[in-house]
Amino acid sequence: MTGDMLGHFFMGWTDPALLGVCALGVFAGIFVGAIPGLSVTMAVSILISFTFAWDVNMALALMVGVFCGGVYGGSRAAILLNIPGAPSAVASAFDGYPLAQRGEAGQAIGLATVMSVLGGLTGVLVLALAAPALSQLALQFAQRDYMLLALIGLLLVASLSAGSTAKGLFAGALGVAIGTVGMDPMTAQHRFTFDNVYLLGGVHFVVAMIGFFGVAEALYQIHALRAPIVKQNVGKVIPGFSAVRRHTPLAMRASGIGAFIGMLPGAGGDIASLLAYGHARNSVKSPTRPFGEGAYEGVVAPEAANNAAVGGAFIPMLTLGIPGDAVTAVIIGALFIHGMQPGPLLLENSPHLFWFMVGNLVLANVFLLIFGLMGVRAFTRIVEIPRTVLLPLIIVLSIVGTYTINSNLYDVYLMLGFGVLGYFFKTFGYPVGPIILGVILGPLLERSLRRTVQSVRGDAGEFVLVFVTNPISLVLATAFVVMALAQTPLAPALRRGLGALARRWRR
Amino acid sequence: MTRTADLVFAALMLAASLLLLYRAYGISGLAGWDAAGTVPMLATGVMSLASAAVLARALAVRRRGAAQETTPGGGVRARLAGLLPPDLLGLTALFVAYVAALSRLGFYPATFLFVTLTIVLLERGRPIFAAAVAVAAIAGIYGAFETFFQVRLP
Numbered sequence: 001m002t003g004d005m006l007g008h009f010f011m012g013w014t015d016p017a018l019l020g021v022c023a024l025g026v027f028a029g030i031f032v033g034a035i036p037g038l039s040v041t042m043a044v045s046i047l048i049s050f051t052f053a054w055d056v057n058m059a060l061a062l063m064v065g066v067f068c069g070g071v072y073g074g075s076r077a078a079i080l081l082n083i084p085g086a087p088s089a090v091a092s093a094f095d096g097y098p099l100a101q102r103g104e105a106g107q108a109i110g111l112a113t114v115m116s117v118l119g120g121l122t123g124v125l126v127l128a129l130a131a132p133a134l135s136q137l138a139l140q141f142a143q144r145d146y147m148l149l150a151l152i153g154l155l156l157v158a159s160l161s162a163g164s165t166a167k168g169l170f171a172g173a174l175g176v177a178i179g180t181v182g183m184d185p186m187t188a189q190h191r192f193t194f195d196n197v198y199l200l201g202g203v204h205f206v207v208a209m210i211g212f213f214g215v216a217e218a219l220y221q222i223h224a225l226r227a228p229i230v231k232q233n234v235g236k237v238i239p240g241f242s243a244v245r246r247h248t249p250l251a252m253r254a255s256g257i258g259a260f261i262g263m264l265p266g267a268g269g270d271i272a273s274l275l276a277y278g279h280a281r282n283s284v285k286s287p288t289r290p291f292g293e294g295a296y297e298g299v300v301a302p303e304a305a306n307n308a309a310v311g312g313a314f315i316p317m318l319t320l321g322i323p324g325d326a327v328t329a330v331i332i333g334a335l336f337i338h339g340m341q342p343g344p345l346l347l348e349n350s351p352h353l354f355w356f357m358v359g360n361l362v363l364a365n366v367f368l369l370i371f372g373l374m375g376v377r378a379f380t381r382i383v384e385i386p387r388t389v390l391l392p393l394i395i396v397l398s399i400v401g402t403y404t405i406n407s408n409l410y411d412v413y414l415m416l417g418f419g420v421l422g423y424f425f426k427t428f429g430y431p432v433g434p435i436i437l438g439v440i441l442g443p444l445l446e447r448s449l450r451r452t453v454q455s456v457r458g459d460a461g462e463f464v465l466v467f468v469t470n471p472i473s474l475v476l477a478t479a480f481v482v483m484a485l486a487q488t489p490l491a492p493a494l495r496r497g498l499g500a501l502a503r504r505w506r507r
Numbered sequence: 001m002t003r004t005a006d007l008v009f010a011a012l013m014l015a016a017s018l019l020l021l022y023r024a025y026g027i028s029g030l031a032g033w034d035a036a037g038t039v040p041m042l043a044t045g046v047m048s049l050a051s052a053a054v055l056a057r058a059l060a061v062r063r064r065g066a067a068q069e070t071t072p073g074g075g076v077r078a079r080l081a082g083l084l085p086p087d088l089l090g091l092t093a094l095f096v097a098y099v100a101a102l103s104r105l106g107f108y109p110a111t112f113l114f115v116t117l118t119i120v121l122l123e124r125g126r127p128i129f130a131a132a133v134a135v136a137a138i139a140g141i142y143g144a145f146e147t148f149f150q151v152r153l154p
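Chains as they are written, first to last, in the working numbering: chain P, 1 to 507; chain Y, 1 to 154.
Just chain Y, with the same shape it has in the complex:
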């Protein structure tokens, strides 16, 4: 990851930690070491200090070697594409759609569609291969989960 991306992420973690520390303080304030908010405050306090240390280091690294950063605009797009490639975004979208479809279509149809579409997306085609893998996966899941493990499927 580039130095700018490291810096941005470290800053986000620090901001999130401070927000959580504020929320933790709101649980019971400084009521005592055995209060409900003590351990949450300690944990988020450590998070805040640690993320501040990470941010400070990221700033120092960036100051030492900032020359190799690409120009804004095209550079930012390229960095985002490296962090969030289209395959990842597609897979995440399919994941969310799959979970939403579970209650509407049922487990096996939703799983068949998810596995098939995911393999087609990642392989850039090969729908028959994808469908065959999906059928084999469903057969394996039925055998493993409904008979061997006896778990409740979504």
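Isolated chain P, as found in the complex:
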């Protein structure tokens, strides 16, 4: 068993094609992540359809590489331009850009690279240890528990998104609604087809993904078309050993935060990096400089956390089939396309795939270290590519990616429609991430709900009873209710009431 495990772990390391694809993915991911306006989710959404014809291991090696590279790459533009290339790099700009303004961009990038790798490897370690255990626990989950997990994931992503919770809930619910378009799988009734034959087959989630993440972003970048491109000079990059040693304890704590946050369905690197930055501010008594003025700790913590969140996000994705964030939602789609079913049985039936992904994540972090420290000038040039060139290329890639799904131009028109809608959403502050989670989680939610109702033969009393008599269901249901109430105007009153109860209990 251990020999098989190691064999699959190192498969990506010893096969030249897989090694090359992983390296290509990391390089492309850093490229995509470094350019403000291009997102990792956009890149992976488009890549899904390009890798249809590939073996599943090759497809996963590429996407995992892009994911790891993209999360890290966002720090480049954050440090050099004060424009995060990815949402997970927002916190890196707080102290990264002041460092660049002081002429220390190279040191900042070098330290960010090393700490990103440290965080990434920590996240993978947590994945390797936690996923098998959680997978065993998940075998005891009933359909109602998956329904609750899907609801918790949607509620979390809605409440943690930028913008108001109401807008996040709207977006998540819209995603669920989009997922129901077509013929009902149980009764074949038409849902939201508007008498259009084309819509009977439903909306492919990749069409929605490319539309909302690719085309919408490209259209939105029109507003930044004339923004001047700032040329940067980057000096020495490889950090000294004493700097790495000094900041490693903080990086490890931030990695722990990142891996935990990444594990939460719907929460990802952006939340992890902000929480880690807050932790650094509160815990580091003597930073290199005051936070916000170029403290290296202000770069170390978010960068370690956002890469650790990558490993964490894979945990619910692989063990429960619930995405940890938008990118893992897309990767779940890739697994579906290649005939894999993420969930507790994945580790039972396809342990080779799990250990291959773990090995690939470690390999991706190794390439991250190499490219991150050696490719500085190339990546500095990347952020100088004019948007007038990037935008039409993104649109061409989006069209090719969409057409590849069903070789149907109607998909492309639908993708444009989603792109235009996504543009308006971004303009008016509606988050787009929850839409994709809704599209992915919606079918799981519906399937679980219907099976739970059928298992109690539609009896309302028994339906409620099964949630309180089973310990796992009770915990999940309580968590959902508490989280839902926390979003309502009742939250302050509830907190006061609970606080009074706690004080009375202590007496």
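None of the hints are false.
Derived coverage of chain P by chain Y (criterion: at least 3 residues anywhere in the stretch with Cβ under 8 Å from a Cβ of chain Y; other residues may be distant):
# : region
1 : 418 to 427
2 : 442 to 453
If you want the footprint, here are the derived chain P segments under chain Y, 3+ residues with CB under 8 Å:
# : region
3 : 165 to 175
4 : 187 to 193
5 : 401 to 414
These are calculated hints, taken from the structure and not from any lab test. We put the CB at the ideal spot given by N, CA and C, even for glycine.
Here the structure of chain P is known, so what remains is to put chain Y in place on it, guided by the hints.
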């Protein structure tokens, strides 16, 4: 975005949500929790409630600070120009024309025209640069998609 634009968009989202809720009800009514229309109704119901909350907030914000709104007429034109700049409208029109041209001209000629015209539009000129980028893009697409990814092009 201005408060009026926020309000209008929130109202549109509420109207769309209510329309979809009505359509969802038409799937299977209130036949039961495992009926085909249940999850669509739940989803569109949440959309309706959430968009009503967004609209209420937009109304409250507008009531608190309506003084800075510009006068009608020129103000509305300026706001529309900010929301839908000419470059965006031009890019969208080119996008639609590109997709329509794919089946008539073929992928590579249509892509060459689209990339060239888009860069000329956004750069306000530089046709030779635009054409060079288009040729490089097509070469890259051929290499990447036909040989590396082996995908079917439109």
